[in-house]
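Student: Read off the chains here:
There are 2 protein chains.
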Amino acid sequence: MQKKRPVILITNDDGINSPGIRALVESVRDLGQVIVLAPDSPQSGMGHAITIGDPLRLDKVDVFPGIESWQCSGTPADCVKLARDKILHAKPDLCLSGINHGANHSINVIYSGTMSAAMEAAIEGVPSIGLSLLDYRYDADFAMAGKVAHELAQRMLAKQMPEHILLNVNIPKGPIADFKGMKICRQAYAKWAEEFDHRVDPRGKDYYWMTGKFVNMDKHPGTDVEALKDGYVSIVPIRIDFTDTKMKA
Amino acid sequence: MQKKRPVILITNDDGINSPGIRALVESVRDLGQVIVLAPDSPQSGMGHAITIGDPLRLDKVDVFPGIESWQCSGTPADCVKLARDKILHAKPDLCLSGINHGANHSINVIYSGTMSAAMEAAIEGVPSIGLSLLDYRYDADFAMAGKVAHELAQRMLAKQMPEHILLNVNIPKGPIADFKGMKICRQAYAKWAEEFDHRVDPRGKDYYWMTGKFVNMDKHPGTDVEALKDGYVSIVPIRIDFTDTKMKA
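Residue numbers (our numbering), protein chains in the order written: chain G, 1 to 249; chain V, 1 to 249.
Chain G extracted, bound-state conformation (with noise of 0.2 Å):
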C-alpha cells in the first residue's frame, strides 16, 4: 500500500510572487503535497498582525506549475489561518515559511512576519520552519537555502517533534560553496537603535521615516547572530508560551 504523501503548506510575507517563495516551493516539492497560500502583497513588518476590521479576499492562481496556488489580500498569520479552514479543511503536516529576503535572527523574530506564520502554525500544532536569507536583494542567490529548507523539512517530516516548537532558521549569504553546516542556537539579546528620520512634506507638515541600527547586545557564546558571522545556519526552537517562570512574586 502506498502511503499517503504528506501535505506541505507555504507561505512567507514578501508576497507571493518573491523569488524567495519560488525557491522554497522548487526545493521541497520532492517530498510532498505542496500547497501555497501566501499575501498578494509584501507584509514585512507585520509581526503576528491578523485582519479583523477588514474582509479578507482570498483568490486562486497559476503561479507556480503544478503546485495549488492561493493569494491573499491579509497578513502571513490570516493566511496560515484561512489555509486551515478554507482550503485545507485539516492541519497541514508541515508548514514552511520565506525563504524571506533579509534575515530574521536574534530580536527580529518578535517583527517578522515570516517567523509569525510559522508560529500561528505552531500553536495549531503543525511542525514549522520559518526561513530567511541573509541577503535582501531581490536577485540574491537562494541555493543555500534552497538545500537548508529541503533537508530540514526532511527531517521533519520524518520524526515526530515536540508539539508547539518552531524552528527560526536564517541562512547565511553565499554560493552553496560555502556551505560550513547548521548550529543548534539561542535567541541573541539585539535590539534596533531607531533613529527616525524627520522631514517636511510640500504642504509643511512633519512626517518621519523609521529607520535605525541593528545593535547585537548579547556578548556570551551560543547566539544566532555568532552563528552566523561564524558563516553557519543558525537554528534557534521558538516556544509559543512566553511564560518567564524564574520570575516569583
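Just to be clear, a hint being listed does not mean it is correct.
Put simply, identical chains are the same to the list, so a pair is met inside one copy or across any two.
The calculated lysine to aspartate or glutamate pairs, modelled on DMTMM-like cross-linking and capped at a C-alpha distance of 20 Å, are [stated by the list, open to error]: (1) Lys159 - Glu124; (2) Lys147 - Asp30; (3) Lys86 - Glu194; (4) Lys159 - Asp244.
Source of the hints: derived by calculation from the structure; they are not laboratory data.
Starting from the structure of chain G, add chain V where the hints point.
Tutor: Leaving out everything else, chain V in the frame of chain G:
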C-alpha cells in the same frame, strides 16, 4: 533635595480617544510625570507590527488636561519607538500600555497590540506593564483596572525589576467591590478555532470575515485563564527571549 519625578510613558492600541487610556492616565498621574503617545486610531490585532514602508505622522494634541500628549499614525510598537527617540530623548522609568477594552490573556499576548507596546519597551530595558480589562464595551467600568494599574505601577517604580521582563495583566469584569486580589500565573495554552465567515460582495466576488471561538486547551493549574475564571487579576511575567532551551539537536 527633592527626588526627580519618574517619567511614565503611556500608550495603547485602542487609540488615544478610548476611555481605557483615559482611565489609565487618571489612575497613575499622581505617581510621576505622565506622557502619552498613542495611536490616532484603533490598532487591535496588530501584533508586533512596525511601520517600515510608510512615513509616520506625529502630532501634539490636547486630550488629557495637564498631560503632554501626542498622537501617531503608526502601530503601538511604533509609538514606543517614536516616544523614546523623538519626545523623551531618553528611556522612561516605566511604560504602561492599555487599559485595553477586552482580554489579552493566554495566547492573545501574540496578537495583541497592547502587549506589543509593552514588549517594545521591555526590549529597550524599560519596565513595562500591559493592562487589559475583560470587558469589550466602550462604557466599561475601569475602576478595578485603575486600582490595579496604580498599585502595580507604584510597586514597579519602587523596586528593581529583572531586565527585559514585562507583565501581562488582565482584570476581570465587574465593579471595584468585587476585587479579590492578584495572582502570578503562567500563560495558558489556548487558541482560536477560526471559522471564516464566507460572503459574496455586490459584484459577485468572494470575501471572508475572520471570526472564531476561543478554546482553552490547558487543563493544568496555574494559568491566567484559571485565575480570571476564579475572579482574580492575572499577572503573567513575559520574557522577550523566545528560545526553547529544552530542545536538542
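Student: Under a CA distance limit of 20 Å, which applies to Lys86 and Glu194: within one copy, between copies, both, or neither?
Tutor: between (40 Å within a copy, 10 Å between copies)
Student: Give the relationship of Lys147 and Asp30 under a CA distance limit of 20 Å: within one copy only, between copies only, both, or neither.
Tutor: Within one copy only: 13 Å inside, 59 Å across.
Student: Within a copy, between copies, both or neither: which one fits Lys159 and Glu124 at a CA-CA cutoff of 20 Å?
Tutor: within (18 Å within a copy, 39 Å between copies)
Student: Using 20 Å as the alpha-carbon threshold, which applies to Lys159 and Asp244: within, between, both, or neither?
Tutor: Result: close only across copies, 18 Å inter versus 29 Å intra.
In the structure shown, no violation is registered for any of the earlier numbered hints.
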